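For reference, the chains in residue letters:
2 protein chains.
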Amino acid sequence: MRYRPEHKLATHQKIVKDASERVRAEGLNGAAVSTVMRDAGLTHGGFYKHFASKDELLAESLKEGFREIVAVLVRAAEQSPSGEAWKAIVKTYLSPEMCEDPRHGCPLATLAPELARVDERMKPQIVAELVNYKNRMMPFMPGRRSVDKERAFFAIFSTMIGAIEIARLLPDPAVRRKVLGCARDFLLRSFQCSQSLASHGPTGS
Amino acid sequence: MRYRPEHKLATHQKIVKDASERVRAEGLNGAAVSTVMRDAGLTHGGFYKHFASKDELLAESLKEGFREIVAVLVRAAEQSPSGEAWKAIVKTYLSPEMCEDPRHGCPLATLAPELARVDERMKPQIVAELVNYKNRMMPFMPGRRSVDKERAFFAIFSTMIGAIEIARLLPDPAVRRKVLGCARDFLLRSFQCSQSLASHGPTGS
DNA sequence: GCCATAAGATGATGTTAATCATCCTATGGA
DNA sequence: TCCATAGGATGATTAACATCATCTTATGGC
Numbered sequence: 057m058r059y060r061p062e063h064k065l066a067t068h069q070k071i072v073k074d075a076s077e078r079v080r081a082e083g084l085n086g087a088a089v090s091t092v093m094r095d096a097g098l099t100h101g102g103f104y105k106h107f108a109s110k111d112e113l114l115a116e117s118l119k120e121g122f123r124e125i126v127a128v129l130v131r132a133a134e135q136s137p138s139g140e141a142w143k144a145i146v147k148t149y150l151s152p153e154m155c156e157d158p159r160h161g162c163p164l165a166t167l168a169p170e171l172a173r174v175d176e177r178m179k180p181q182i183v184a185e186l187v188n189y190k191n192r193m194m195p196f197m198p199g200r201r202s203v204d205k206e207r208a209f210f211a212i213f214s215t216m217i218g219a220i221e222i223a224r225l226l227p228d229p230a231v232r233r234k235v236l237g238c239a240r241d242f243l244l245r246s247f248q249c250s251q252s253l254a255s256h257g258p259t260g261s
Numbered sequence: 057m058r059y060r061p062e063h064k065l066a067t068h069q070k071i072v073k074d075a076s077e078r079v080r081a082e083g084l085n086g087a088a089v090s091t092v093m094r095d096a097g098l099t100h101g102g103f104y105k106h107f108a109s110k111d112e113l114l115a116e117s118l119k120e121g122f123r124e125i126v127a128v129l130v131r132a133a134e135q136s137p138s139g140e141a142w143k144a145i146v147k148t149y150l151s152p153e154m155c156e157d158p159r160h161g162c163p164l165a166t167l168a169p170e171l172a173r174v175d176e177r178m179k180p181q182i183v184a185e186l187v188n189y190k191n192r193m194m195p196f197m198p199g200r201r202s203v204d205k206e207r208a209f210f211a212i213f214s215t216m217i218g219a220i221e222i223a224r225l226l227p228d229p230a231v232r233r234k235v236l237g238c239a240r241d242f243l244l245r246s247f248q249c250s251q252s253l254a255s256h257g258p259t260g261s
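The listed protein sequences derive, respectively, from chains A and B. When we follow our numbering, the leftmost residue of the first sequence carries the number 57, and every step to the right adds one. When we follow our numbering, the leftmost residue of the second sequence carries the number 57, and every step to the right adds one.
Quick caveat, the hints were computed from the structure, so don't treat them as lab data. One thing to keep in mind: the hints can contain errors.
Repeated chains share a single entry, so a pair holds when one copy, or any two copies, can fit it.
[To be verified] No more than 25 Å apart at the CA atoms, straight line, and that leaves these computed lysine-lysine pairs for DSS-like: (1) Lys64 - Lys110; (2) Lys234 - Lys190; (3) Lys143 - Lys70; (4) Lys105 - Lys205.
Bear in mind the structure is a predicted one, so any value in this text is a computation, not a measurement.
Full structure from sequences and hints, please.
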């Protein structure tokens with residue numbers, strides 16, 4: 057090969073990174089071929105030297121987006137005292153900075169409904185990403201048994217995703233922060249509460 | 057006018073209703089002019105006899121979608137014993153039927169991230185719809201003071217929206233139901249819990 | 001039965017985007 | 001220095017789609 061071997065790899069990764077941010081910022085078809093290539097300082101023509109199809113780029117972009125958010129949350133969890141990890145995750149996910157910057161946020165909060173509608177061929181990858189997300193988060197979730205942790209994962213992430221989405225509908229940053237605060241307080245209180253109840257007996261629900 | 061006066065109105069409403077379902081099922085640009093007109097048994101040409109622009113159709117479709125879901129939830133709330141209304145809302149919103157049928161579901165659960173990205177000119181309408189949604193739901197929310205009800209609205213709807221979205225990512229109906237169940241149990245237990253705690257004193261959070 | 005008119009149909013135009021064939025050029029090895 | 005080649009550029013093709021000008025036709029009043 058004529059160019060240095062790392063050249064193509066670097067270009068490829070830059071395209072994917074740009075596309076991953078575009079997709080999170082503007083939705084699944086915010087990453088038009090020519091746009092993404094221009095982001096990378098190239099023209100649209102070379103695209104198919106890097107990807108067999110636009111769907112292939114989309115697939116790699118999604119993987120990259122999930123990789124990033126999981127890394128951020130795992131880091132937050134690991135830097136916190138054990139038993140508090142899930143609280144660190146909640147505070148990180150629901151932080152105003154996360155909400156204000158969808159480009160580097162969670163793909164689920166930006167794309168979930170669109171991902172639910174993707175082509176059948178891409179569905180397995182989406183499911184795999186979600187399962188991996190859950191598996192990476194479960195060790196940090198509150199609860200004793202694995203089942204409890206899984207239930208906590210679904211409850212906590214449902215709330216966080218919904219809260220970010222509602223917040224992002226609102227133009228006033230102060231109101232956005234109020235929504236995030238509601239969700240955060242709700243989660244922190246509820247699990248504290250359910251833990252203390254669990255240690256005293258069932259809730260009767 | 058030559059046609060019966062109700063003729064145009066009926067056609068107009070049929071177009072809006074079809075578009076409202078398409079938009080919820082397929083996203084904001086699932087309602088292409090020609091598609092929606094074909095749904096209504098017409099051709100694309102007559103469209104601009106009914107709407108000044110495609111955005112105008114979109115605006116009316118969203119209003120229709122919000123109107124429908126609010127009606128469904130209010131009916132559920134009013135048919136339940138007082139004090140239990142919010143539980144009826146949660147059970148209705150998180151029912152498998154709701155989840156399986158986005159065409160007649162909540163626009164927020166299908167469109168929230170896309171709505172967050174709409175043109176500045178449409179933003180005020182979106183905010184107005186959300187505020188109206190909240191105002192219609194607040195009387196049924198748990199909590200004593202208005203502030204508590206508002207906080208409950210944000211927490212409960214965040215969780216429900218997120219849960220529906222996560223569930224819809226998953227291809228297996230049984231798993232979808234598990235996710236919905238998690239969110240439902242979590243909400244029902246948490247608010248029961250926070251109510252009993254509130255009646256015994258603050259949580260210290 | 002006939003006419004004026006508004007709902008709806010036909011077809012044109014301009015735009016955006018995906019895909020791909022073909023051309024250009026920078027580069028490492030000879 | 002020169003060449004073979006892979007990365008990248010140009011430009012064509014095709015398909016959706018929004019928009020609108022113009023034509024058709026059904027209809028209620030005369």
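Which numbered hints does this structure break?
3 and 4
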